[in-house]
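Trainee: Here full-length UniProt numbering is used: position 180 in the sequence shown is 180, and no number is missing along the way.
What the hints contain is simulated information worked out from the structure, not anything from laboratory work. No incorrect hints appear here.
In silico EDC-like links for lysine to aspartate or glutamate, alpha-carbon gap of 16 angstroms or less:
id	residue 1	residue 2
1	Lys184	Glu173
2	Lys184	Asp167
3	Lys184	Glu141
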Amino acid sequence: MIDVDNTDDAMDRVPCPQPWRKADGSVNPAGDPAGRALTAEVDGTRGLLLPVRQSTTAAVAVLAVLGVALLVLAAFLFAAGGVVAVIGGVLAVLFGLLVVVSCVTALRKPRAGAGLLLTPDGLLLNWTTPLTRLPWSQVREVRPVAVRLGRANTAASVNYLGVVTADPGAAGERHRGQAERFGKDLAFALSTRTLLVDQLVALRALTHYLDHPEHRAELGTGAAVTRLHG
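Work out the full structure: start from the sequences and follow the hints.
Mentor: Below is the structure:
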């Protein structure tokens, strides 16, 4: 567990953990260094929001066009006949439907308050649907983890903010499936590349309120933002 400040009015800055460093020991940055957490209300619950980027409408539109194009291609292949054409048509249908479903899922993502919401009662995972609530009583550890994009030690890596819970399935199978690559005890792992705050700010916030339950009542008020950013 990472140490944080024990005073009542501030948080100490936390050092960059080893999993979030490059092979040469330097920090592998992620998130928005200029971004700030904010108070927000999601599904009737107020808290401290660590916001994340959302899929833009333009990007979803491009993917939708690609999905439709694949379906049209499949129709032509089926019409052409032949074993190879039919196999190609089946593959085009499968990929086309996958892209279209992905677009629908992206458009259904919450537009307001997208991110990780820290509340007096627990965490609200609001970067995908359905919304997932995770009580503080389930949370055991905040664990920085990373996945390397290649076999070489110098390969680029992507940082994730993992959360260990008493019940690894507490956040649901969708989140569990994405997190289990990092450990059997993780309930979810949030890619820090999607954060609109610096990854260390997010780590500091989660660690502090896990270790200091007496401060959780302020979550959802300006006091929490002040404690985090000064």
